[in-house]
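Q: For reference, the chains in residue letters:
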Amino acid sequence: MTNLSVNHLLGIKDLTADDIQLIFQTADHFKEVINRPIKKVPSLRDITIANIFFENSTRTKLSFELAEKRLSADVINFSSSNSSVKKGETLLDTVNNILSMKVDMVVMRHSSPGAAHFLSRHIDANIVNAGDGTHEHPTQALLDTYSIREKIQELKGKKVAIIGDILHSRVALSNIYALKKLGAEVMVCGPATLLPKYISELGVQISWDVREALEWCDVANILRIQLERQQLKYFPSLREYSLYYGVNKKLLDSLGKEIIVMHPGPINRGVEISSDVADSKQSIILNQVENGVAIRMAVLYLLAQKRQN
Amino acid sequence: MEKRLILDTDLLQITINRLVEELIENHKDFQDTVLIGLQPRGVFLAKRIQNRLNERLNKELPLGLLDTTFYRDDFRRRDTPLKANATKIPFIIEDKKVILIDDVLFTGRTVRAALDAMIAFGRPRLVELLTFIDRKYTRDLPIQPDYVGIRVNTIKTQRVLVEWTDQGAENDKIWLVTNEEK
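Those sequence lines, one after another, are chains L and E.
Its first residue numbered 19, the first sequence is counted upward by one per residue in my numbering.
Its first residue numbered 3, the second sequence is counted upward by one per residue in my numbering.
Any given hint could be a false lead.
What the hints assert, rightly or not - List of simulated lysine to aspartate or glutamate pairs, EDC-like, C-alpha gap at most 16 angstroms:
1. L:K177 <-> L:E230
2. L:K169 <-> L:E308
3. E:K90 <-> L:D46
4. L:K120 <-> L:D92
5. L:K79 <-> L:D92
6. E:K61 <-> E:D34
7. L:K176 <-> L:E276
8. E:K85 <-> L:D37
9. L:K199 <-> L:D36
10. L:K275 <-> L:D236
11. L:K49 <-> L:E308
12. E:K99 <-> E:E130
13. L:K324 <-> E:D76
14. E:K30 <-> E:E130
15. L:K58 <-> E:D118
16. L:K87 <-> L:D122
17. E:K90 <-> L:E50
18. E:K85 <-> L:D36
19. L:K169 <-> L:E276
20. E:K85 <-> L:D46
21. L:K267 <-> L:D297
22. L:K57 <-> E:D118
23. L:K199 <-> L:D32
24. L:K267 <-> L:D294
25. L:K198 <-> L:D37
26. L:K324 <-> E:D81
27. L:K174 <-> L:D236
Unchecked claim - Listed below are several chain E residues computed to face chain L (Cβ distance under 7 angstroms; list not exhaustive):
28. F77
29. R78
30. P83
31. K85
32. A86
33. T89
34. A122
Unchecked claim - Calculated from the model, a selection of chain L residues having no Cβ within reach of chain E, i.e. all distances over 12 angstroms:
35. K176
36. L245
37. S301
No lab work stands behind these hints: they were computed from the structure.
Given the structure is predicted, the values throughout are model-derived calculations rather than measurements.
C-beta atoms are modelled at their ideal positions from N, C-alpha and C, and glycine is treated no differently.
With the hints as constraints, model all of the structure from the sequences given.
A: Written out as structure tokens, the structure is:
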């Protein structure tokens, strides 16, 4: 297979296992490219990409921008904090205005779930969802699973625990889809108030005990507590959360096995993960960031390929 | 479809040996010279050249593999997309003499992309092109080989088929394939 089955990357839900493998294989080549003395290839030199971020981001935005530049695309950036959105322009109007400047692809982050899907039905450009509210964050899930694959080769049959704020996490949902498609077993773990009611219908196991989850898994993906999305109080205090669900060195050492520790960032050190774990040998947090650029290059390259001249 | 044999296994080996002698004539002991095979199909020829050179010079010459997919000028213009292959350049090409090796030289566009791709690894002192089959009168670009196995007259609709045992063929053979007029 040399082509993706989709024209946009809106979510992992729409991808096939073959699509994911093709993205991984392509990312392998781009990973080699970004480790060269000259880290740039001319593939997308005739493509213009707009990065539209209606929500804050450091890692994802930088990573996308770097990926685009490594592929020689022209890049324009837009963030809502200093734009006409503040003056009341609608999403469609904003994007159509950007598109009339002849943009081929759009990378968008938005706080509303489904924003990328909405856009893909109304405009001609290829869309990459860089996170839509609490829904999906496909490139993060791709780079997470890619990083696991890099560490332990095969995902089939491996056990991955996703720990923390599952309810508000687009990373969790996209990761569940990706891991299941690649044949891994998934467990979600967190306080009952932060686990969505029907999550087991996605075919995942549920645990309320972080020790149980850690003892079960080969890989632990620890998520951030998203205080900015929590309008209610889901647990009494951060300190209590950290006491019951925080992953620290002592806990990991008592497992009697070495598991891989991941975190999509940004880290709240001392809340969901302690510093000695985040900076330990077991942690592949910085590998995830490096792989993010290669994965995003692969996604953009493969989507551009669908755009015939 | 008509298939005509251009080179059989014996003649193919003789040609490789001759190309190797030509290389030695120009590059002597390969002190400052490196070999780079173009992915995917030039690599099989490059490995044979490397083996024969190792035999003749009694040393282990390194071989680089170069993939041109991301540098091609026909990205998004092809009907069927190309799949990328691995690039492995395990040596420094800065100030070296580089011999690019590919099996068939047709339009010259792959070689143009290869020159671009190679420059990403450094600035060689000299670049030469070795090609097994030179298809005459089909070039789109002003690119000519320095070492040629065999020159053949072909038209654009014909195809040169190279079979290597590495790919599961019974023998190394080179064919000229002519598709029937539609």
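Q: Each hint: holds or not?
A: These are the hints, each one checked on the structure:
Among the hinted pairs, L:K177 with L:E230 is consistent with the structure: their alpha-carbon atoms are about 13 angstroms apart, no more than 16 angstroms. Distance hint between L:K169 and L:E308 is fulfilled; the C-alpha atoms sit about 14 angstroms from each other, no more than 16 angstroms. About 12 angstroms separates the Cα atoms of E:K90 and L:D46, which keeps this hinted pair within 16 angstroms; it holds. With a CA separation close to 11 angstroms, the supplied pair L:K120 and L:D92 stays within the 16 angstroms bound.
Note on L:K79 and L:D92: the hinted pairing holds, with a Cα-Cα distance of about 15 angstroms set against a maximum of 16 angstroms. A distance of roughly 14 angstroms separates the Cα atoms of E:K61 and E:D34; the hinted pair therefore holds under the 16 angstroms criterion. Proposed proximity of L:K176 and L:E276 is supported: the alpha carbons are some 14 angstroms apart, at most 16 angstroms. Pair hint E:K85 plus L:D37 holds up; C-alpha atoms about 13 angstroms apart against a cutoff of 16 angstroms.
Between L:K199 and L:D36 the alpha-carbon distance is near 9 angstroms, which keeps this suggested pair within the 16 angstroms criterion. For the given pair, L:K275 sits about 9 angstroms from L:D236 by alpha-carbon distance, which is consistent with the 16 angstroms threshold. Of the supplied pair hints, the one linking L:K49 and L:E308 holds, its CA atoms being roughly 9 angstroms apart against a limit of 16 angstroms. Note on E:K99 and E:E130: the hinted pairing holds, with a Cα-Cα distance of about 8 angstroms set against a maximum of 16 angstroms.
With a CA separation close to 13 angstroms, the supplied pair L:K324 and E:D76 stays within the 16 angstroms bound. At roughly 15 angstroms between alpha-carbon atoms, E:K30 and E:E130 fall within 16 angstroms of each other, so this suggested pair holds. The straight-line distance between the Cα atoms of L:K58 and E:D118 is roughly 11 angstroms, inside the 16 angstroms bound, and the hint therefore holds. Annotation: proposed proximity of L:K87 to L:D122 holds, straight-line Cα distance about 15 angstroms (limit 16 angstroms).
A distance of roughly 9 angstroms separates the Cα atoms of E:K90 and L:E50; the hinted pair therefore holds under the 16 angstroms criterion. A C-alpha spacing of about 14 angstroms is found between E:K85 and L:D36, which places the hinted pair at or below 16 angstroms, so the restraint holds. The suggested pairing of L:K169 with L:E276 holds, with an alpha-carbon distance near 13 angstroms, which does not exceed 16 angstroms. Using a Cα cut-off of 16 angstroms, the hinted pair E:K85 and L:D46 holds, with the two alpha carbons roughly 12 angstroms apart.
For the hint pairing L:K267 with L:D297, the CA-to-CA distance comes to about 10 angstroms; that is within 16 angstroms, so the pair holds. For the proposed pair L:K57 and E:D118, the alpha carbon gap of about 13 angstroms is at most 16 angstroms, so the pair holds. For the hint linking L:K199 to L:D32, the alpha-carbon distance of about 11 angstroms falls within 16 angstroms, and the restraint holds. Note on L:K267 and L:D294: the hinted pairing holds, with a Cα-Cα distance of about 6 angstroms set against a maximum of 16 angstroms.
Distance hint between L:K198 and L:D37 is fulfilled; the C-alpha atoms sit about 14 angstroms from each other, no more than 16 angstroms. At most 16 angstroms may separate the alpha-carbon atoms for a hinted pair to count; L:K324 and E:D81 meet this at roughly 10 angstroms. At roughly 12 angstroms between alpha-carbon atoms, L:K174 and L:D236 fall within 16 angstroms of each other, so this suggested pair holds. Given the 7 angstroms rule on beta carbons, the hint for E:F77 holds: about 5 angstroms separates it from the nearest Cβ of chain L.
Look at E:R78: its Cβ gets to within about 5 angstroms of chain L, closer than 7 angstroms, so that hint holds up. Annotation: E:P83 was flagged as interfacial toward chain L, and the flag holds, the nearest CB pair being 5 angstroms apart, inside 7 angstroms. Interface restraint check: E:K85 against chain L, minimum CB-CB distance 5 angstroms, threshold 7 angstroms, status holds. Look at E:A86: its Cβ gets to within about 4 angstroms of chain L, closer than 7 angstroms, so that hint holds up.
At about 6 angstroms, the closest approach between the beta carbon of E:T89 and any beta carbon in chain L falls short of 7 angstroms, and the interface hint on this residue holds. For E:A122, the interface hint holds, the least distance from its beta-carbon to any beta-carbon of chain L being 4 angstroms, beneath 7 angstroms. Listed as outside the interface, L:K176 is consistent with that label: its C-beta sits roughly 25 angstroms from the nearest C-beta of chain E, beyond the 12 angstroms cut-off. No beta-carbon of chain E comes within 12 angstroms of the beta-carbon of L:L245; the shortest separation is about 42 angstroms.
Annotated as non-interface, L:S301 keeps its C-beta farther than 12 angstroms from every C-beta of chain E; the closest such distance is 28 angstroms.
When each numbered hint is compared with the structure, no violation occurs for any of them.
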